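Based on the provided sequences and hints, a complete structural model is requested.
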Amino acid sequence: MGSLLSGVTRRVRRGALAVVATAAAVTAVTAASAAVPLTAVPAAALGQGRGGDHLTVVVRHAGAGRDGTYELFCHPAGGHHPDVRGACQKLDGLTQWGRDLFAPVPPGTICSMISGGPATARVTGTWAGRPVDASYDRDNGCEIDRWNRMVPLLPKIG
Numbered sequence: 004m005g006s007l008l009s010g011v012t013r014r015v016r017r018g019a020l021a022v023v024a025t026a027a028a029v030t031a032v033t034a035a036s037a038a039v040p041l042t043a044v045p046a047a048a049l050g051q052g053r054g055g056d057h058l059t060v061v062v063r064h065a066g067a068g069r070d071g072t073y074e075l076f077c078h079p080a081g082g083h084h085p086d087v088r089g090a091c092q093k094l095d096g097l098t099q100w101g102r103d104l105f106a107p108v109p110p111g112t113i114c115s116m117i118s119g120g121p122a123t124a125r126v127t128g129t130w131a132g133r134p135v136d137a138s139y140d141r142d143n144g145c146e147i148d149r150w151n152r153m154v155p156l157l158p159k160i161g
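Letter by letter, the sequence shown follows residues 4 to 161 of my numbering.
Derived by calculation from the structure, the hints in this document are not laboratory data. All figures in this text were calculated on a predicted structure; none of them were measured in a lab. Any given hint could be a false lead.
As the list claims (entries may be wrong) - Here are the simulated EDC-like cross-link-like pairs (lysine to aspartate or glutamate), alpha carbons at most 20 Å apart as the crow flies:
1. Lys93 / Asp136
2. Lys159 / Asp140
3. Lys159 / Asp86
4. Lys159 / Asp70
5. Lys159 / Asp95
6. Lys159 / Asp142
7. Lys159 / Asp148
8. Lys159 / Glu146
9. Lys93 / Asp103
Set out below in structure tokens:
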């Protein structure tokens, strides 16, 4: 029985020694990393130093004065979108827990066969903490309604 206890004691001592050695190594690494200055990251890489929601809107074939690439920041509002405040307010009003306000028209939806013109848009970025990558067109009644629901984020057409 005595030899059994001495074997257990040796293993406990070895385990304790390993824990102490690991803790010492972690402490040394933490202290060393604290002494190294952090590298500055350009503001552009961090969304120009802004927090909150950020969307890039690319509009094509919508007509003069509507086509272009626009940056929109909300919370706080900013960017070079034509209607920053209106677009942020519209998106805030459409945002609901558990609902993707950028979701496409569900497959199988019956839509009127009316064309709203050649305009297209793509919206990418982050909204309400979730990634956004949505495409818009005006190929039928459902897509026109979907587009119009996003005005003024997307330009008003017609």
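Going through the hints against the structure:
A distance of roughly 18 Å separates the Cα atoms of Lys93 and Asp136; the hinted pair therefore holds under the 20 Å criterion. As the CA atoms of Lys159 and Asp140 are separated by approximately 13 Å, the hinted pair is consistent with the 20 Å bound. Under the criterion of a C-alpha separation no larger than 20 Å, the hint pairing Lys159 with Asp86 is consistent with the structure, at around 11 Å. For the proposed pair Lys159 and Asp70, the alpha carbon gap of about 11 Å is at most 20 Å, so the pair holds.
The straight-line distance between the Cα atoms of Lys159 and Asp95 is roughly 18 Å, inside the 20 Å bound, and the hint therefore holds. Straight-line distance between C-alpha atoms of Lys159 and Asp142 comes to about 15 Å, which keeps the hinted pair within the 20 Å bound. Of the supplied pair hints, the one linking Lys159 and Asp148 holds, its CA atoms being roughly 11 Å apart against a limit of 20 Å. A distance of roughly 14 Å separates the Cα atoms of Lys159 and Glu146; the hinted pair therefore holds under the 20 Å criterion.
For the proposed pair Lys93 and Asp103, the alpha carbon gap of about 14 Å is at most 20 Å, so the pair holds.
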